[in-house]
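> Each chain, written out:
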Amino acid sequence: MKTPAVLLLFFASLFITGFLSCSPDIGLFYSVTMEEESSAGALPPTISPGDLVENASGEMLLVSGGLYLYTADAWKSDVVSPAAVDPQLPADSLARSAAYAYGTFFVCFVDNESGYPAGLYSSADPFAETSAWTKTTGVTNPERLLAENGVLFVVSRDITNATWSIYSYDGSVFTEELPDLDVNAGVWDMAWDGTDYWILWGESLYRGTLGGVKTVVDCSSIDGANIDYTGLFFHDPTGTIYLAANSLSKGSVWSWNGTGWTSVGSELEKLNDFAFFTVNGTPVILVGSVEGYYEFDGVSTFTLPEITCVYATYKTLELSDSVIREFMVSGDTFYALTSNAGLWKNSVPVGGSTRSWIQQ
Amino acid sequence: MMVLLCLPFALFGQESEEPGMNIAYNKGDQNFLLNAGMFLPLFYFSTDGSVTPALEKMNPGITGSLSWVSYLNARTYLGFEFGGVYATTLNRTFVMIPVLAKLGYMFSAYPFEFPLSLGLGLDFLKVDDLFVTTVALKPEASFYWNFSSEWAFGGNVAYWFVPELYFSAELANQSMFGNFLDIRLSVLYHF
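From first to last, the protein sequence lines are chains A and B.
Per my numbering, the very first residue in the first sequence carries number 1; after that it's consecutive.
Per my numbering, the very first residue in the second sequence carries number 1001; after that it's consecutive.
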C-alpha cells in the first residue's frame, strides 16, 4: 500500500524535525496562563531605566531616554518635557540622568545624535498638569548627575578637550570640586558620609569636603590587574564605606577602615551597586551584580536570595538572570534598575529572605 | 463561512442528484476537504492537576484547514490535514499550525455522511516571539450533506488536545496541556 507508506514517511520526518528544535525559555501555554492585561499604569516591559529618583512625598521620576512619573500607584509617560518649554532643546533629546535635591527634580538631557550634553533642567513639581521646567544655568555642558542624601553633583563635559569636571551644587551656585578629569569610562557613583563626599570616577576614588580639600583615596591594597571600581556605598548605621571592585571576571567588596581597605567579600559575580534596608531590625545590604544580587550582612557573608517566581506582563523573568545596575530604596520599598529587564519593585519582607519582585 | 456556504452555488449552480443516488466509496477514492470556522479555547491543565480556564486568557479565534484523504476501503480513510488557527491573548497573538495524519471511519445514510476521524501529528505554536513545536491529538466528528456525486457540504466539531511537555528542571513545572475546540463549516470534494 503506497499511500500509508508515503504518509508514514512524511510524518516521521516532520516529527524528527520538530523534536530537534530548541526548547523555549518559558512554556508557551504557561506564559499564556500567566499573562496579565497591560495596564495603563505600567512601564513598557523593555524599558532600560537610567535613573530613578523620589521626592519627599514618594512621587518618583524615572528617566529612560524619556520621562516617566510615578504617582497614585501608576506610571504615566505623557509627561510635560522640558522640550515643550525650551525651543533650544530638540524634541528627540534623551533624558540621561536625574536627581532630587533642594525640593527639586533635576534632569540632564543629551543630544540624540551626537550624545553631547543638551541641558540641565529642573522642576519642583513635574507631576502638575501645568508644570514647567526651567533650564539651569551656571555650569557648561552638564552631562550627568550624582546625588545622595540631598547632596548634588553635576558632571560637566568639556567636549573640545574631552575632559570632565565635577561641580557641587548648593541650590544656587555651582562649585568646581574635581576639575579636568580625563577618564571617559567606568561607573560613576558617589557616597556621602555626612561630612565628606566619596566619588568614583573611572579608575580613581576621590574624597573631599564640599568646596574644600580633595584627595585621591589610596586603593593600592585592592589594586590588581584590570580592576574597576564600580559601586560605592555608605552604610549609615555603622559609618562604613563599602566599595565594589571588579576584575575581569570576578567581583569583590571592600570596606574602609579609616586608613585602608579590608576585603569583606571576594569571588563574587561582577558587581554594580548597593542598597540598604532592615528586616526586623537586622540590616541587610543588597549588592547588585550582573546576575541578580547578593544579600550581604555587612560583615562577611554574601548569600544569593531565593527569589520566588516573578512575572512581567506575560513572561517569567528571573531577576537572578538580570543585570542589576542600580538600586533605589524608598522606605519599605526598594527598586532594582536593570540593564536588560526593566524596573523591578519589591518590599521589605516581614520575615525570611524570600522576595517577590514585580516588574513595573 | 458565508463564502463557504455560497461557493458551491456560485461555482456550479446545479441541481442536486436524484433521490436514491448513493455515494459509495471504493479503495483509492479521494476527498479534498476545506474547513473554516471558530476556534474556541477551553482550558489548560498542568501536570500538578491545576486547571486554568482558557477563555480568561485567550479570546475565541478563527480556524481553517485543508484536508486530503484516500479511502482504504468503503468506510475507512487515511490522509492528512494542514491548517491554521489565529487567536489573541490578553496582549499577544496566538498562531497554531497543525500538520496532522488523519485516520477516519465513515457512517453514511444517504444523502448524509457522518465521518469520525482522529488526527495526530505535529503542531507548531507561536505566541509573539515564543515558538514551540509539539504534537496534537484531534478527534473530530463531522456531518455532510451530499449535494452531488462530487460535492458535499456540512460541518464538524473537533477537539484539540495539545500537550506541551518539558523534562528539564527549569521548565518541568511549566508542562501544560492545551484543550481547544473547533466548530467549522466544510466543503468536501469527492474524486
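Rather than coming from a laboratory, the hints here were simulated on the basis of the structure.
Where hints are given, some of them may not hold.
Quick list of in silico lysine to any residue cross-link-like pairs, SDA-like style, CA-CA up to 25 Å [unchecked claim]:
| hint | chain 1 | residue 1 | chain 2 | residue 2 |
| --- | --- | --- | --- | --- |
| 1 | B | Lys1126 | A | Ile26 |
| 2 | A | Lys270 | A | Glu203 |
| 3 | B | Lys1126 | A | Lys270 |
| 4 | A | Lys345 | B | Glu1170 |
| 5 | B | Lys1126 | B | Leu1072 |
| 6 | A | Lys76 | B | Lys1027 |
| 7 | B | Lys1126 | A | Glu36 |
| 8 | B | Lys1126 | A | Pro44 |
| 9 | B | Lys1126 | A | Lys76 |
| 10 | A | Lys76 | B | Asn1091 |
| 11 | A | Lys345 | B | Asn1091 |
| 12 | B | Lys1126 | A | Asp321 |
| 13 | A | Lys345 | B | Leu1090 |
| 14 | A | Lys76 | A | Ala91 |
| 15 | A | Lys250 | A | Asn226 |
| 16 | A | Lys345 | A | Ala91 |
| 17 | A | Lys76 | B | Phe1107 |
| 18 | B | Lys1027 | B | Phe1107 |
No experiment lies behind these values; they were computed from the predicted model shown.
> Just to be careful, I want the Cα atoms of A:Lys76 and A:Ala91 compared with a cutoff of 25 Å; is the pair within it?
Holds: A:Lys76 and A:Ala91 sit about 18 Å apart, inside 25 Å.
> Check whether the Cα positions of B:Lys1126 and A:Lys76 lie no farther apart than 25 Å.
violated, 31 Å
> Mind checking the alpha carbons of A:Lys76 and B:Lys1027 for me, to see if they're no more than 25 Å apart?
violated, 68 Å
> Tell me if the straight-line CA distance from B:Lys1126 to A:Pro44 falls inside 25 Å.
Holds, because 22 Å separates the two Cα atoms, which is no more than 25 Å.
> For the pair we were handed, B:Lys1126 and B:Leu1072, check the Cα-Cα distance against 25 Å.
Since the Cα atoms of B:Lys1126 and B:Leu1072 sit roughly 35 Å apart, the hinted pair is violated (cutoff 25 Å).
> Given the hint that B:Lys1126 pairs with A:Glu36, does the C-alpha gap stay at or below 25 Å?
holds, 18 Å
> Given the hint that B:Lys1126 pairs with A:Ile26, test it: the Cα-Cα distance must not exceed 25 Å.
This hinted pair holds, its Cα atoms lying about 12 Å apart.
> Given the hint that A:Lys345 pairs with B:Leu1090, test it: the Cα-Cα distance must not exceed 25 Å.
Within the cut-off at roughly 23 Å; holds.
> Taking only the CA atoms, is the gap from A:Lys345 to B:Glu1170 under or equal to 25 Å?
holds, 24 Å
> Is it true that the CA of B:Lys1027 sits at most 25 Å from the CA of B:Phe1107?
Since the Cα atoms of B:Lys1027 and B:Phe1107 sit roughly 16 Å apart, the hinted pair holds (cutoff 25 Å).
> Hinted pair, alpha-carbon criterion (25 Å max): A:Lys76, B:Asn1091. Please report holds or violated.
Holds, at about 19 Å.
> Run the distance test for A:Lys250 versus A:Asn226: straight-line Cα separation, threshold 25 Å.
holds, 11 Å
Going down the numbered hints, you'll see the structure goes against 3, 5, 6, 9, 16, 17, while the others check out.
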